[in-house]
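Participant: With full-length UniProt numbering, the residue at position 111 of the sequence shown is 111, and numbering never jumps.
Treat the hints with care, as some may be off.
Said to hold, decoys possible - Taking lysine to aspartate or glutamate and the EDC-like style, the derived pairs with C-alpha atoms no more than 20 Å apart in a straight line are:
id: 1; residue 1: Lys37; residue 2: Glu10
id: 2; residue 1: Lys91; residue 2: Glu104
id: 3; residue 1: Lys37; residue 2: Glu60
id: 4; residue 1: Lys88; residue 2: Glu117
id: 5; residue 1: Lys91; residue 2: Asp58
id: 6; residue 1: Lys37; residue 2: Asp58
id: 7; residue 1: Lys37; residue 2: Asp5
id: 8; residue 1: Lys37; residue 2: Glu17
Claimed, not checked - Quick list of simulated restraints, FRET-style, between CB atoms:
id: 9; residue 1: Gln7; residue 2: Arg35; range: 12 to 22 Å
id: 10; residue 1: Leu72; residue 2: Arg35; range: 15 to 25 Å
id: 11; residue 1: Val100; residue 2: Thr128; range: 23 to 33 Å
id: 12; residue 1: Thr128; residue 2: Gln86; range: 24 to 34 Å
id: 13; residue 1: Arg49; residue 2: Arg76; range: 36 to 46 Å
id: 14; residue 1: Ile98; residue 2: Gln50; range: 32 to 42 Å
id: 15; residue 1: Gln105; residue 2: Asp58; range: 16 to 26 Å
id: 16; residue 1: Arg49; residue 2: Thr14; range: 45 to 55 Å
id: 17; residue 1: Ser25; residue 2: Leu83; range: 46 to 56 Å
No lab work stands behind these hints, which were simulated from the structure alone. Ideal placement from N, C-alpha and C gives every residue a C-beta, glycine not left out.
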Amino acid sequence: MRPLDTQFVEFLLTRSEPFLSRYASLTDVGQWRLRVKQQQLPQWQQRQRQNDSSLHNDIEAFITLTFGQSRLPMLRRRYNSYLHRQRKQTKAIDLDLIAVQSLEQIISNYGLNSYSEAIVWMAREINTPLE
Numbered sequence: 001m002r003p004l005d006t007q008f009v010e011f012l013l014t015r016s017e018p019f020l021s022r023y024a025s026l027t028d029v030g031q032w033r034l035r036v037k038q039q040q041l042p043q044w045q046q047r048q049r050q051n052d053s054s055l056h057n058d059i060e061a062f063i064t065l066t067f068g069q070s071r072l073p074m075l076r077r078r079y080n081s082y083l084h085r086q087r088k089q090t091k092a093i094d095l096d097l098i099a100v101q102s103l104e105q106i107i108s109n110y111g112l113n114s115y116s117e118a119i120v121w122m123a124r125e126i127n128t129p130l131e
């Protein structure tokens, strides 16, 4: 079983308000999201970058306290389904060094977040009629 990480927490943060209210018994979902995003998630992400081996235990304890131990298997199943859908939407391609450098330049120049965004930007530029 895959250890819980910050991506799992980010997945939970994107769940709907009714979902979180129902399964986590949260009265103020917005406040909970804000607290996790601003306080806990940045610390966990830092620990993940440092390969902190105790991180998954802390995240699991947080999830268990928030949602309850009995809901953890259901949350894992939903997360695995989400990851599966994401993988089906992603295609792998091989790029040579010049193509990668070009994409990185576009990302840098236009403040984009990924190669995918850079490719979409290029497609829009190509399809934009000249005036």
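Participant: Each hint should be assessed against the structure and marked as holding or not.
Facilitator: Going down the list of hints, with the structure as the test:
no. : hint                        : result
1   : Lys37 - Glu10               : holds, 8 Å
2   : Lys91 - Glu104              : holds, 19 Å
3   : Lys37 - Glu60               : holds, 17 Å
4   : Lys88 - Glu117              : holds, 18 Å
5   : Lys91 - Asp58               : violated, 33 Å
6   : Lys37 - Asp58               : holds, 16 Å
7   : Lys37 - Asp5                : holds, 14 Å
8   : Lys37 - Glu17               : holds, 15 Å
9   : Gln7 - Arg35: 12 to 22 Å    : holds, 19 Å
10  : Leu72 - Arg35: 15 to 25 Å   : holds, 21 Å
11  : Val100 - Thr128: 23 to 33 Å : holds, 24 Å
12  : Thr128 - Gln86: 24 to 34 Å  : holds, 29 Å
13  : Arg49 - Arg76: 36 to 46 Å   : violated, 23 Å
14  : Ile98 - Gln50: 32 to 42 Å   : holds, 34 Å
15  : Gln105 - Asp58: 16 to 26 Å  : violated, 39 Å
16  : Arg49 - Thr14: 45 to 55 Å   : violated, 21 Å
17  : Ser25 - Leu83: 46 to 56 Å   : violated, 26 Å
In this structure, the hints that do not hold are numbers 5, 13, 15, 16 and 17, in rising order.
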